[in-house]
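*Asks:* Chain residues, written in single-letter form:
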Amino acid sequence: MEELLNILRELHPEVDFETEEHLIDGMILDSFDIVSLIASIHEEFGVTINAGKILPQNFNSAKALYALIQEIEEED
Amino acid sequence: MLFTSYEFIAFFFLLIVLYYLIPGRYQWMLLLAAGYVFYWAANPDYLIFLLAVTVLTYTAALLIDQSLVNQKKYLKNYGGEMDRQAKKEYKALQEKKRKKIIVWFLIMVLSILASAKYINFFILNLNSILQTMGSGRQISFIDLLLPLGISFYTFQAIGYMLDVYRGNISAEKNFFRYALFVSFFPQLIQGPISRFQDLARTMWEPHPFRGKNLQNGLLRVLWGYFKKLVVADRLLIVVDLLLEQPEKYCGAYTVIIMIFYTVQLYADFTGGIDITIGIAQVLGIEVQENFRRPYFSKSLKEYWRRWHISMSSWFRDYVFYPVSASRAMQKISKGAGKLWGAKAGKRLPVYLSSFVVWLATGIWHGASWNFVVWGLLNWAVLMISEELEPLYVRFQQKFAFYGRLPYRLFQVGRTFLLICILNLFDCYEKVSVTLKMLFSVFGAENWKIFADGSLLCLGLTAADYIVLAAAVFMMISVSLIQRRGSVRTRIAGMRYPAQAAVWIGLFLMVLLFGKYGIGYDAGQFIYNRF
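From first to last, the protein sequence lines are chains A and B. Take the first sequence: its position 76, counted from the start at 1, is 75 in numbering that gives the first Met the number 0, and no numbers get skipped. Take the second sequence: its position 102, counted from the start at 1, is 101 in numbering that gives the first Met the number 0, and no numbers get skipped.
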């Protein structure tokens with residue numbers, strides 16, 4: 000989780016990712032951020048998030064995103 | 000049968016009466032019939048395209064859905080006996096089969112769109128290549144039928160098909176219910192490009208009559224007619240005249256074209272969407288908003304989040320994300336990271352995927368090079384802004400006036416000017432003419448046209464300009480009030496005489512100040528041709 004938080008903080012240092020739960024609905028992360036995030040996650044966790052998984056509910060909080068990473072890791 | 004024709008108004012009122020007279024469970028069937036009658040009235044041949052797109056996407060979704068259901072069943076029954084690797088291989092095999100289905104059906108559906116919209120563009124370019132190579136052979140153009148709104152309903156249907164493929168929604172089994180989703184008449188010819196999960200189910204439910212829906216919906220429809228007939232069609236007269244003779248109307252006239260066309264486009268498209276959303280609301284159906292006061296944007300990036308939202312989000316979800324998240328792009332990103340550093344490695348997928356999106360967006364708008372250039376210019380400006388972002392941040396930190404009202408107004412004005420310039424590429428089919436017109440502004444010697452009465456020789460009288468100025472002022476005012484909540488809710492909260500004054504005033508303005516063409520047949524909506 001800490002690795003993911005570091006990736007997110009690198010994108011938006013001003014956001015408290017431990018508590019924020021509206022990253023997409025609140026327009027904090029835009030599509031460019033999401034693509035950078037996917038590249039970083041691929042690099043850090045070796046996980047590929049495909050387009051079908053890019054849904055607001057998976058990206059609205061660091062917790063949800065971490066759960067998605069774990070789900071893909073398990074599937075792989 | 001355009002929204003602005005008398006036939007449509009008669010059709011709409013007859014439909015409302017019938018819709019609320021019949022039992023609720025039959026309402027969706029009436030809407031389906033209405034969609035096909037509406038499209039048939041435009042041209043009976045259009046129905047072939049609509050039906051083909053509906054049948055193909057319906058079939059693809061069913062096949063994919065069936066494969067997903069079978070996979071789940073199989074794993075439920077035999078999953079316990081399989082090891083991790085066997086399960087993975089089985090899933091991969093099924094996924095491969097589904098991919099094959101989606102690719103083939105995508106090719107078929109896009110071929111319909113391409114054959115209707117792009118084949119002559121292809122021939123034109125092929126002829127240019129043949130000519131360049133010195134060949135005397137030229138291919139003749141094909142006399143094609145371009146069905147109204149084909150890009151809108153095709154994209155809506157493709158979105159549905161892809162959502163089923165991704166497993167985000169289940170396929171609709173009832174063909175007629177699905178056919179209504181594709182052919183819902185208010186949005187059939189100019190969008191918004193709705194998502195199945197947002198729209199479909201609300202269309203099938205029974206909708207009891209509600210006075211509030213009728214009142215709010217009709218007021219929105221009236222406001223849409225106001226924008227279209229009073230503003231857009233009035234500006235159309237000047238814009239059409241100026242575009243006809245670029246040699247004569249250049250220099251300072253280019254500024255008029257850019258501003259008038261940009262305002263016309265807004266009034267025309269948002270007016271059409273107001274009518275669409277208003278009609279749907281009268282029928283008790285919620286259609287998503289397509290605009291959020293786009294000309295108040297402070298940057299081009301923000302503008303594209305607020306203008307034609309359903310199209311931008313379609314390209315984001317079905318082109319930008321798949322391209323940027325693809326394994327190939329991840330490899331490119333990794334390679335670039337090794338060569339030019341981690342930062343560049345992360346940015347490259349964004350830039351390359353955006354390039355694909357803007358190329359596609361340009362082509363979606365029209366089968367000619369000016370739209371391709373328009374798309375790629377948008378891309379270039381967005382990417383340059385992205386690169387300059389750190390500079391902006393430093394600028395913001397250094398200067399205190401950043402964020403204050405005058406600076407925000409400057410940002411809005413600057414963005415509007417940029418949109419005006421980009422929109423000029425919509426106006427002329429030849430990019431060389433657009434560039435010539437743009438450069439003619441610098442060093443123009445005809446600025447006196449703004450004071451010597453030349454503007455009164457462009458098809459509009461002084462009274463027309465006064466009406467235009469007042470109407471644009473009204474549009475800006477409504478947008479400003481909207482920032483604090485719905486204008487219609489405010490009106491509904493007024494006393495009855497005040498409410499009546501708004502309704503009668505708006506109705507009379509449309510009736511008296513609307514620009515009607517020959518035989519009272521108003522101009523076609525600009526976005527219908529897409």
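If you're looking for bench data, these hints aren't it; they were derived computationally from the structure. Be a bit skeptical, because a hint or two may be false.
Said to hold, decoys possible - Below, computed lysine to aspartate or glutamate pairings styled on DMTMM-like, alpha-carbon distance capped at 20 angstroms:
#	chain 1	residue 1	chain 2	residue 2
1	B	K333	A	E13
2	B	K297	B	E385
3	B	K90	A	E74
4	B	K397	A	E73
5	A	K52	A	E74
6	B	K333	A	E74
7	B	K87	A	E73
8	A	K52	A	E73
9	B	K75	A	E70
Values in this document were obtained by computation on a predicted structure and should not be read as measured data.
*Asks:* Evaluate each hint against the coordinates.
*Replies:* Here's how the hints hold up against the structure:
Simply put, K333 (chain B) and E13 (chain A) have alpha-carbon atoms about 27 angstroms apart, too far for the 20 angstroms limit, and the pair is violated. Between the alpha carbons of K297 (chain B) and E385 (chain B) the distance comes to roughly 14 angstroms, so the proposed pair stays at or under 20 angstroms and holds. Straight-line distance between C-alpha atoms of K90 (chain B) and E74 (chain A) comes to about 10 angstroms, which keeps the hinted pair within the 20 angstroms bound. Between K397 (chain B) and E73 (chain A), the direct Cα distance comes to roughly 48 angstroms. Violation of the 20 angstroms bound is thereby established for this hinted pair.
The straight-line distance between the Cα atoms of K52 (chain A) and E74 (chain A) is roughly 13 angstroms, inside the 20 angstroms bound, and the hint therefore holds. Proposed proximity of K333 (chain B) and E74 (chain A) is contradicted: the alpha carbons are some 23 angstroms apart, above 20 angstroms. Restraint check: the Cα-Cα separation between K87 (chain B) and E73 (chain A) comes to about 11 angstroms, which is no more than 20 angstroms; the hinted pair holds. Proposed proximity of K52 (chain A) and E73 (chain A) is supported: the alpha carbons are some 15 angstroms apart, at most 20 angstroms.
For the suggested pair K75 (chain B) and E70 (chain A), the alpha carbons sit about 19 angstroms apart, so the restraint of at most 20 angstroms is met.
In the structure shown, a violation is registered for the earlier hints numbered 1, 4 and 6, in ascending order.
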